[in-house]
Amino acid sequence: MHDPHVLLRVISKFLIPIIALFALYVQFHGDYGPGGGFQAGVILAASVILYALIFGLDAAKKAFPPSWVRIGMTIGVLLYGGTGVVTWLLGGEYLNYSVLAHEASHGQHYGILAVELGVLVTVTTVMIAIFYAFGSRQPETDERDW
Amino acid sequence: MALMDYIPEWLLIHGPAVIIVLPLIMAAVTSILPGRKPAWFVAMLVTIICTVTAFAVAIYNLKTGVDVYPMGGWDPPHGISLLIDALNAPILVLITLMAVVSLVYALPATLAEVEPKKRAPYYAAFLLCVAGLLGMVVTGDAFNVFVFLEVSSIATYVLVAMGAARDRRALSAAYNYLILGSIGATFFVIGIGFLYMETGTLNMADMGRILADLDGGSRVAKVAFGFIVVGLGLKLAMFPLHNWLPGAYAYAPTQITMFLASTATKAALYLLLRFVFFVFDPDFDYVANVLQFLLVGLGVIGMLFASLQAIFQTDARRLLAFSSVAQVGYMLLGVGIATAASVTAGYLHLINHAIIKGGLFLAVGAMWYRFGITRTADVNGLGKTMPWTTAAFTVSGLSLIGVPFTAGFVSKYQLATAAAANGWWWAVFVIVLTSVLAIFYIGRLLLAAYFQDAPVMEDGQVCTRNEAPLLMLIPMWAMAIASVLIGTNILGASDLVVGASERAANLLLGLGG
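For the protein sequence lines, the chains are A and B, in the order given.
With the working numbering, you'll find the first sequence wraps up at 146, consecutive numbering, no jumps.
With the working numbering, you'll find the second sequence wraps up at 513, consecutive numbering, no jumps.
Derived Cβ-Cβ restraints for the label pairs, each shown as a range:
1. V147(B) x P66(A): 20 to 30 Å
2. P34(B) x G33(A): 35 to 45 Å
3. L304(B) x R70(A): 41 to 51 Å
4. Y196(B) x K62(A): 46 to 56 Å
5. G56(A) x P34(B): 26 to 36 Å
6. F312(B) x G56(A): 54 to 64 Å
7. H5(A) x K117(B): 34 to 44 Å
Capping the alpha-carbon separation at 25 Å, the derived lysine-lysine pairs in PhoX-like fashion look like this:
8. K117(B) x K62(A)
9. K61(A) x K117(B)
10. K61(A) x K118(B)
11. K117(B) x K37(B)
Calculated directly from the structure, the hints in this document are not laboratory data.
Here a beta-carbon is modelled for each residue, glycine too, at the ideal position from N, C-alpha and C.
Next up, chain A with everything else stripped away, as it sits in the complex (with noise of 0.2 Å):
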């Protein structure tokens, strides 16, 4: 069967590796750079949402099950907010990264990377999310309607 996208297939599926992995150089360069949990959390996302984009939503829900997605919405916040007990129990107060290891420059520094790795996982599954919902709401475009 004769394929009409075969060219945006080849292409994202390249890209899409890229995306992700740009995210996580976004994501982990934030404490240097610009960047940051969001900012990667959104590209993070948006390498889902253009599989979703080519492959449709189906193969994209495969790929990311929804139910994830909701999992996904509280793991990171636990995590931004499990760094805070975390400090607490430590005896600092609530998200002073200081008290996280001998020197608190480096207590900064781990918190600091704790705290964008939840605000990824819930910008990421956030993300998708609405991506999903309003997906999910339209049926699907027809192959020749293109």
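Start from chain A and add chain B according to the hints.
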């Protein structure tokens, strides 16, 4: 107090953060819990812990004075700080207590009012709303106020929309609220932006200090003040900006209506107090003008106009909602006169009205739960078919009117005294007149409930007694009894709230509180 010995010291120090963090984290957990019961249980546990913490922190504050908690170990004014003082401690206790009371009611009510699939997320959204309200009251950072305002508002829009299982009009009411609420929040944040431009700080105490140094600041500060008053006016349903309120209150699930009526508008009013007296100062002439002409003027017009509108409502909950707008007018009048006595009265009415209106909404919700009653024309004979519910409604209703020995009388009397002491006899007249109007709209319901016969059903049977479940009666009677306790000063209830209000007013007006 002996009870304080059981509170660990850690909780006293970290309490201001605990009451925000605990509901926020548990809201995330609650949203993925499988069923209704576990979600309710978690929500209940969290709000009870928050209530205990809020009480402990409030009492601790009474002993030690202003308590500043540096979030993340960054000291103010550079870091975000939470603070507890005489102004916000009573509001924190009020919000957490109302959350517990409304949750007791929610256990039977959500079965009828919320779709089965949405019941666990419903409690998650409720916890988020609680966290947002507590956050905007406890924080000492102006931008943080905006963030928490949005947290609570967005949760509220969702909760109002969940009333759609009962009445589809909840969706349009929620949308209306969403648009107007967002406009209000936008105005507020624009005002914060201008204030930041003027003072270069976001810490509210620091802002207040710098503005006082600048003697009120330039035109930027005036514009900021205007934006903030309008933004908060939308949130607290100041008279011409109240259009979102009747719909949202009428169609939300009962628990949410009760919780919003007794906390959401109150938290916004608290913020108005915080900004008018703490960040700005009534000594600045533009603030004084706004207080004297805008807040008093709109407050009085709102009292009269909304009371009249309440008389002509056919829907019982819309009637109570318009009455809420009128009651906000009393509080604005108290704030606007801006003497120690009047601010005390306004603050007192804030607390009392939360208790009164909470009880009324719960009673009306129970009438719907048993008989599907929403219209005022349908309450005939309820005195016989639901005697306990109607009795609770009566007590809270009398308190709303301001009959002696009820909470409403205490605060209205204080307000009238404060207005008279200022020589504003016309204001006293308006207070009395709107109380008479309240007799009309509450009395109309009471007359029908007690002196009309119970309706005859289609099969020719007269409606028999069908009392609300115990879990609904307990919270509505708790509200009714609280209102009588405050009115009669049994157990020192009146001294307690009046004392708290006086301390808040003294703090605001700088009388060494």
